[in-house]
Amino acid sequence: MRETAAVVRPASGSLRSSAAAQTRAYGRALGKAAEPGTVVALVGPLGAGKTELAKGVAEGLGVSTVVSSPTFVLMNEHVGRLRLFHVDAYRLTDAEEALDAGLLDERQSQGIVVLEWADRLAGLLPEHRLELTIEPDPDGGDGRSIHWLARGEQHRRLAAAAFEAP
Numbered sequence: 693m694r695e696t697a698a699v700v701r702p703a704s705g706s707l708r709s710s711a712a713a714q715t716r717a718y719g720r721a722l723g724k725a726a727e728p729g730t731v732v733a734l735v736g737p738l739g740a741g742k743t744e745l746a747k748g749v750a751e752g753l754g755v756s757t758v759v760s761s762p763t764f765v766l767m768n769e770h771v772g773r774l775r776l777f778h779v780d781a782y783r784l785t786d787a788e789e790a791l792d793a794g795l796l797d798e799r800q801s802q803g804i805v806v807l808e809w810a811d812r813l814a815g816l817l818p819e820h821r822l823e824l825t826i827e828p829d830p831d832g833g834d835g836r837s838i839h840w841l842a843r844g845e846q847h848r849r850l851a852a853a854a855f856e857a858p
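In terms of my numbering, the sequence shown is residues 693 to 858.
Treat the hints loosely; a few may be bogus.
[Stated by the list, open to error] When the alpha-carbon atoms are kept at most 20 Å apart in a straight line, the in silico EDC-like pairs for lysine to aspartate or glutamate are as follows: (1) Lys724 / Glu751; (2) Lys724 / Glu845; (3) Lys724 / Glu856; (4) Lys724 / Glu769.
[Claimed, not checked] Label pairs and their calculated CB-CB ranges: (5) Ser756 / Gln802: 36 to 44 Å; (6) Leu816 / Glu845: 17 to 25 Å; (7) Ser760 / Ala711: 14 to 22 Å; (8) Leu707 / Leu738: 14 to 22 Å; (9) Arg773 / Asp829: 32 to 40 Å.
Treat the hints as calculated values from the structure; they're not laboratory data.
C-beta atoms are modelled at their ideal positions from N, C-alpha and C, and glycine is treated no differently.
Please construct the entire structure, taking both the sequences and the accompanying hints into account.
Following this line, the structure appears as structure tokens:
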């Protein structure tokens, strides 16, 4: 008798953020619930709130250093409960550049990676991750829609802990 692995479908959902502080609070919840090996892949246009969410993750991890967009250095590393690797792929022309720059390495498996502009690294992202797509309100207001997709059991647990009401 041949064993077959159970197919686990990704979990998904949507959130609403009415202000930057609420986006940061979602990030803080993620940081508090994160385990080693967590990968948060952020997608959205300029000004969507990706860095605001990353700042919240840092707060949830207890990071005391300033967290800002690492656009010009590509990656910042911060010390907290877990190491935070904050990566920004905005300036990369292709995924190969990320490999050449050493943006993805084995050290990150012991911490948490928050990757802004994750869509620019298609094909290099780990199979198991939490994808967050942030979309600003089309009317130009402060609101945001955040759509999430958890791939893998660890990231399903993370999304449940961070986004589901108690």
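Cross-check of the supplied hints:
no.: 1; hint: Lys724 / Glu751; result: holds (8 Å)
no.: 2; hint: Lys724 / Glu845; result: holds (17 Å)
no.: 3; hint: Lys724 / Glu856; result: holds (14 Å)
no.: 4; hint: Lys724 / Glu769; result: holds (17 Å)
no.: 5; hint: Ser756 / Gln802: 36 to 44 Å; result: violated (19 Å)
no.: 6; hint: Leu816 / Glu845: 17 to 25 Å; result: holds (22 Å)
no.: 7; hint: Ser760 / Ala711: 14 to 22 Å; result: holds (19 Å)
no.: 8; hint: Leu707 / Leu738: 14 to 22 Å; result: holds (20 Å)
no.: 9; hint: Arg773 / Asp829: 32 to 40 Å; result: holds (33 Å)
Checked against the numbered hints given earlier, this structure breaks only hint 5.
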